[in-house]
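J.: If you want the building blocks of each chain, they are given just below.
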Amino acid sequence: MGAIIKREMYSYFCSPIAYVVMAIFVFFSGLFFAVVCLGNDTSNLTYVFTNMFLIAILLTPIMCMKLLSDEKRLKTDQALLTSPVSILGIVMGKYIAACLLYLCCLAIYIIFGFVLSFFVTPQWAVIMCNFFGLFILGCALIAINLFLSSLTESQMIAAVTGFAVGLLVYLLDNAANMIPVQFLANAVKKLSFMTHYQNFTVGLLSIADLIFFFSIIALFIFLTIRVIEKKRWS
Amino acid sequence: MVEVQNITKCYGDKKAVDNISFTVNSGEILGFLGPNGAGKSTTMNIITGYLSSSSGTVTIDGCEILEDPKGAKSKIGYLPEIPPLYVDMTVQKYLEFMFDLKKVKLDKEEHIEEVCRLVKISSVTNRLIKNLSKGYKQRVGLAQALLGNPPVLILDEPTVGLDPKQIIEIRNLVKSLGKKHTVILSSHILSEVQAICDRVVIISNGKVVADETTEGLSKALVKSNRLLVQVQGAKSSVINAVSQMRDVKNIKTEREVSDGVYEYIIEAKEDCDIRSKLFFALADIKAPILLLQSADLSLEEVFLKLTSDTNYSTKKGGND
Numbered sequence: 000m001g002a003i004i005k006r007e008m009y010s011y012f013c014s015p016i017a018y019v020v021m022a023i024f025v026f027f028s029g030l031f032f033a034v035v036c037l038g039n040d041t042s043n044l045t046y047v048f049t050n051m052f053l054i055a056i057l058l059t060p061i062m063c064m065k066l067l068s069d070e071k072r073l074k075t076d077q078a079l080l081t082s083p084v085s086i087l088g089i090v091m092g093k094y095i096a097a098c099l100l101y102l103c104c105l106a107i108y109i110i111f112g113f114v115l116s117f118f119v120t121p122q123w124a125v126i127m128c129n130f131f132g133l134f135i136l137g138c139a140l141i142a143i144n145l146f147l148s149s150l151t152e153s154q155m156i157a158a159v160t161g162f163a164v165g166l167l168v169y170l171l172d173n174a175a176n177m178i179p180v181q182f183l184a185n186a187v188k189k190l191s192f193m194t195h196y197q198n199f200t201v202g203l204l205s206i207a208d209l210i211f212f213f214s215i216i217a218l219f220i221f222l223t224i225r226v227i228e229k230k231r232w233s
Numbered sequence: 000m001v002e003v004q005n006i007t008k009c010y011g012d013k014k015a016v017d018n019i020s021f022t023v024n025s026g027e028i029l030g031f032l033g034p035n036g037a038g039k040s041t042t043m044n045i046i047t048g049y050l051s052s053s054s055g056t057v058t059i060d061g062c063e064i065l066e067d068p069k070g071a072k073s074k075i076g077y078l079p080e081i082p083p084l085y086v087d088m089t090v091q092k093y094l095e096f097m098f099d100l101k102k103v104k105l106d107k108e109e110h111i112e113e114v115c116r117l118v119k120i121s122s123v124t125n126r127l128i129k130n131l132s133k134g135y136k137q138r139v140g141l142a143q144a145l146l147g148n149p150p151v152l153i154l155d156e157p158t159v160g161l162d163p164k165q166i167i168e169i170r171n172l173v174k175s176l177g178k179k180h181t182v183i184l185s186s187h188i189l190s191e192v193q194a195i196c197d198r199v200v201i202i203s204n205g206k207v208v209a210d211e212t213t214e215g216l217s218k219a220l221v222k223s224n225r226l227l228v229q230v231q232g233a234k235s236s237v238i239n240a241v242s243q244m245r246d247v248k249n250i251k252t253e254r255e256v257s258d259g260v261y262e263y264i265i266e267a268k269e270d271c272d273i274r275s276k277l278f279f280a281l282a283d284i285k286a287p288i289l290l291l292q293s294a295d296l297s298l299e300e301v302f303l304k305l306t307s308d309t310n311y312s313t314k315k316g317g318n319d
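First to last, the sequence lines map onto chains V and B. Per numbering that gives the first Met the number 0, the very first residue in the first sequence carries number 0; after that it's consecutive. Per numbering that gives the first Met the number 0, the very first residue in the second sequence carries number 0; after that it's consecutive.
Fair warning: there could be bad hints in the mix.
[What the hints assert, rightly or not] Below, a list of computed lysine-lysine pairs in the DSS-like style, where the Cα atoms sit at most 25 Å apart:
| no. | chain 1 | residue 1 | chain 2 | residue 2 |
| --- | --- | --- | --- | --- |
| 1 | V | K71 | B | K179 |
| 2 | V | K230 | B | K74 |
| 3 | V | K229 | B | K129 |
| 4 | V | K230 | B | K13 |
| 5 | B | K14 | V | K230 |
| 6 | B | K104 | V | K71 |
| 7 | V | K74 | B | K179 |
| 8 | B | K13 | B | K104 |
| 9 | B | K13 | V | K188 |
Derived from the structure by calculation, the hints contain no laboratory data.
Please model the entire structure based on the sequences and the hints provided.
T.: Laid out in structure tokens, this is it:
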């Protein structure tokens, strides 16, 4: 697993992908931070983090699109699957590498905290909660995109379906409002990423939200493993 | 060392590999031969654990590939048909990655250097793989398979895309590897198999049609003992003299090579060497022999015969 994480990080940072992703992330974070916080003289980062959901939807498919699809296309999966590493090890290696890149992007928020500390005493606990929320949200999106990447040989298709699924889980609670049946609407609302993510952005760390995101991660990693295994049998 | 028992692989209704069994002994070089699409690569992918068979078992040095995949896979070095190369890496970085991936417990730098020397890629270790020529890529693939000195090497058409000089080099390399490793090598080039391998398994349409030593293969198919001779002298007297010999079953005139020189096919009884007798018999009638050679089938002919025979008998089996 360690070897795979290392290789994926190498491949991210030896190609423009890591830099492009980080640049876009930092640019929009900075923009939201400058406009919302510095422009309105507030130390409340809630709006910044709420808006970053969209940027995460945009960037996670780019980070994940080639993870498994390219292996299949270039037949390098033969090297991985015939080496003494379990499929779980392969999938986790790729997943952790993508999460690490995402964590590199998030590092910018430490700077924001310091900038705020010139003006007021930042509420570090709230900022940490925001930070953690955005991280776990990204991890869940990465798991979904990793799964989508395992389904196809084309990076394009993996990325485009990734955008679509990301937007869907983002808009799910708006969609829920249009469902007339109450219990169905509630159920859909519970599946919305936004509903769960919003708690983090206001500094609320709840077990239910954590369990929700961890379940999503576990589910999609499990599905990814099944897809790879299925390929061997069919 | 490698034991393949009754493996079958179905894609839907189609059987790509149909009940194949063979064993490879330690230190043996096995040639795996067949026309394109006969199921060679599929079989190799099953042996290495990349694909799962629909039924049957593969055992590598006592480890069953499905029950103990890690144990079995750590004993195999595999070079697939298309070398599994990460083109965005340099050769050195790639080999380091494969070294880590295979969890090899040797000294990393020293071992990679040794393997690079062996396949002669030391001069390109700092270049990106995507910039290498096909021959070099093939050799990097081979280097990757050799990492960790696995006891079993499985090479799927290792000389494809190489120039003639490189082909000879790689053949010699594989031959020398056969002293320490067990090698399974697939190819559709017969002379290659003839040159390198101790034993040949020929498959056609997913079935084993022959499993023999390289010499035994042509002998088994040619029951008779035939000689091709060119003799100068009158046809009738030659035929007369030869057919009077004790161990000769049959003599047949093939063609007139040049003025007064005819070519004959002489069929002798099994296990009889009639060459010296033939020489004296023809010397007695003052008919000099200009050419004398065995008219047994070459491996090429054997191969064509075997694979076309099964094509005929299993016509319904598909023609992948």
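J.: Each hint should be assessed against the structure and marked as holding or not.
T.: Verification of the hints:
The straight-line distance between the Cα atoms of K71(V) and K179(B) is roughly 33 Å, outside the 25 Å bound, and the hint therefore fails. For the hint pairing K230(V) with K74(B), the CA-to-CA distance comes to about 23 Å; that is within 25 Å, so the pair holds. The straight-line distance between the Cα atoms of K229(V) and K129(B) is roughly 30 Å, outside the 25 Å bound, and the hint therefore fails. Between K230(V) and K13(B) the alpha-carbon distance is near 17 Å, which keeps this suggested pair within the 25 Å criterion.
With a C-alpha separation of about 17 Å, the suggested pairing of K14(B) with K230(V) holds against the 25 Å cut-off. A C-alpha spacing of about 28 Å is found between K104(B) and K71(V), which places the hinted pair above 25 Å, so the restraint is violated. Taking the CA atoms of K74(V) and K179(B), the gap is near 29 Å; set against the 25 Å cutoff, the hint is violated. Distance hint between K13(B) and K104(B) is unfulfilled; the C-alpha atoms sit about 42 Å from each other, more than 25 Å.
Only pairs whose Cα atoms come within 25 Å are accepted, and K13(B) paired with K188(V) is rejected, the gap being roughly 47 Å.
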